[in-house]
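Q: Read top to bottom, the protein sequences are chains A and B. Note that the UniProt record's numbering has the first sequence beginning at 1, numbered continuously upward. Note that the UniProt record's numbering has the second sequence beginning at 1, numbered continuously upward.
In case anyone wonders, no lab produced these hints; they're calculated from the structure. Bear in mind that the values here come from a model prediction, so they are computed numbers and not experimental data. The C-beta atom is built at its ideal place from N, Cα and C for all residues, glycine as well. Treat the hints with care, as some may be off.
What the hints assert, rightly or not - Below, a list of computed lysine to aspartate or glutamate pairs in the EDC-like style, where the Cα atoms sit at most 16 angstroms apart:
#1 A/K182 <-> B/D116
#2 A/K182 <-> B/E60
#3 A/K182 <-> B/E148
What the hints assert, rightly or not - Per the computed footprint, the stretches of chain A lying under chain B, defined by three or more beta-carbons under 8 angstroms from a beta-carbon of chain B, are:
#4 21-30
#5 249-256
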Amino acid sequence: MTVRSEASGRDRDFLVGLARAFAGAVIFALPMLMTMEMWFIGFYVEPLRLLLLLVLLVPLLTGLAYFSGFKQTSGLLEEVVDSFVAVAVAAIMSVVVLALFRIVTPDMPAREIVGKLALQIFAGSIGAMLAQDQMGGQSDMKDEQRKRRASYPAVLLMMAAGALFLGLNVAPTEEMVLLSYKMDPWRELALALLSIVSMHAFVFAVEFPGAPEVRPGTAFWSLFFRYTVVGYALVLAISWYLLWTFGRTDGTGYEEIASATIVLGFPCAIGAAAARLVL
Amino acid sequence: MAGNERETEKGGAEGGSGPAPSSNGIAESPWEWATAALGAVIVAGLLGYVGHHAVSDRSEVPSVAVEAAETVRAGDSHVVRFRVLNGSSATAAALLVSGELRDGQIVVERSEARIDYLPPFSEREGGLLFRADPGAYELVIRPEGYSEP
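Next comes chain B alone, as it looks inside the complex (with noise of 0.2 angstroms):
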């Protein structure tokens, strides 16, 4: 997009020093014209979806989803990385996701992790520390709860 317009400049400085610059310097070349149309679509393009988003439906509340992605083994660790994905309109703060191990009925261990923010329609990524091999055991996963920013 940057590079675009910057094209544009140069092509702007071919165009503007040919023939009718005016004693202050400020011609209109037909560059600068193909420019503004350019910045209007980029401006009108920006504010047309930002609006469009306004009247839209507007969740109060974030939807989250978390899902393992892979386990790793790091130190004395193992590391489930996870992925946290909010589905709505509304941000999550201080989202807190949790992990447990279990064997049956028995949690045999849990860990905690704490994601910043989860902005709207985005993904975060974290990770769980777990001494025993989650492999082993049935891994849970879920979202906690969070604080609106």
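Chain A on its own, in the form it takes in the complex (with noise of 0.2 angstroms):
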């Protein structure tokens, strides 16, 4: 009688976190589900390059669900497997979305119904993993748990997976190529600069609840380096990546990447300077 209590209560845990999984999938994903350069992406990028995105996404969730530590898990294969319940999720919610749309269709080829989703899973599944997380509130964390998410190393994951949501959403569309063809270079420096005053101020300056606790004393040198420095670095890196995948940067200049870096830069770094935040 215990035992099947128990098993059914296990078994409705897993169905309310599935639940909220694929509120998260759909939260995150729908500006992307609803981007006309999205489906059109999904047939003309390179399959390589589709290919990496989806290798790099398993790494990532799991990162994602280790570093997050809201949930008492007992080893890496556990958010392993918590990286594909994100993933197939995501999946499930993009084809139900796309069809009813009309963006996918059973006549279509394959491959561009695969393009069309894969781009759709990566952003989904971020969003999947991060709501199972995020809404199973933290009153329960523990200790260790806590000083995991406040490692160096969790920290830059938790940008660079900001950075991925605020940036996924604009960087398809053809206006990032295009206000970076308007700008003049001395323009593009500024917006640089605003990144990364943003990025600071957001974190460190304007005490939003659940910014992170600095040890008195700490040098403003030492933090700006180790945090905001490194953070705008790793926004560039996603930011050219970003671009990279959705072809933008081939047969360009490298003038015209770095503009078009710095332009997807500036959602990129919010996103970044917010995840701290929120997630």
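Both chains come to you apart, so use the hints to assemble them.
A: Next up, the structure:
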């Protein structure tokens, strides 16, 4: 009797977690599900780049599960399993929504369908993973988990996830490159500086709830270089990677790639900074 | 670039979990400073590069060159694939490229293609479709006009 109710309780927990994951996947991916470029990119993106994106997805999700520390996991295997659950949730969500929109129909070539879905799965599964963790509440977080969460690699991974979150929403659109054509280098430099200042201000100066506690006596430069500058470098790397994945860098001069990286780096930077507060 | 950083992060995890993580977990390990140095180099490098272009000559007018790459038979058409190159720091939008097949002074066939954007110091490719075989005539490809983005 008790064994059965325990088992059904665990099932219920899993189903609630699954429902949260679906909610997270939809929230995260909805802007992309309804963006025209995401459908087009699905069929002209280079297959190897798409593959690389999906290969990077699992370690990213596993890292998020490990570092977010909301769930009491008993080992790495469980986090890997969680990652694949998130991928499955995102896949089902994308199929349903894109089929409803008639963006994916059964008579399309497989390559086109897979391309369209793969991009959405990437975005959706991050949302699914974060929702599973985030909405679970953090009341029972242990000291060890809290420490894990505040560790340097965890902070960088959170920033990367936040950068991907906002960056993915706008990266596929033509506006990213169009803005970089319109802006002169001085404006691009100003935007880069604004990104850096915003990142630092969001996390350390504006005193949002959830901002990390800073040990008294830590020098400004220490925080600035170890977190903000490294964070912005990470943001630039992610920005460039997204542009490359979406084929925006092909046959394009270095100067232009640099500008587009800075333009897309702005939303990525805001996402990275906000992630430290929100996630 | 990104891969290297990830390596460094992992290194940071091992180094940081060692001797002196403070109560809030913000420990200053050598790995963190190494990562900070790498980050500073990347950011300074990018800003320096863009800054260099900010002070160097800026052209107002894109300088566009077109070259035919190859002719391919596709269905009923002959496709002349071409490449447009921008040798300046100005962007051409809605760039119109035309191709004519000439027999002496007579234009036998004309075809056009539009390139959405040709960014600074970049190249883009496109194709002109002809009914007649371009090999039998003189082929003239040239950029005709653009708009400023």
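Q: Now look at each hint and say whether the structure bears it out.
A: Hints and how they fare:
no.: 1; hint: A/K182 <-> B/D116; verdict: holds (14 angstroms)
no.: 2; hint: A/K182 <-> B/E60; verdict: holds (12 angstroms)
no.: 3; hint: A/K182 <-> B/E148; verdict: holds (9 angstroms)
no.: 4; hint: 21-30; verdict: violated (count 0)
no.: 5; hint: 249-256; verdict: holds (count 6)
In this structure, only the earlier hint numbered 4 is contradicted, and the remaining ones agree with it.
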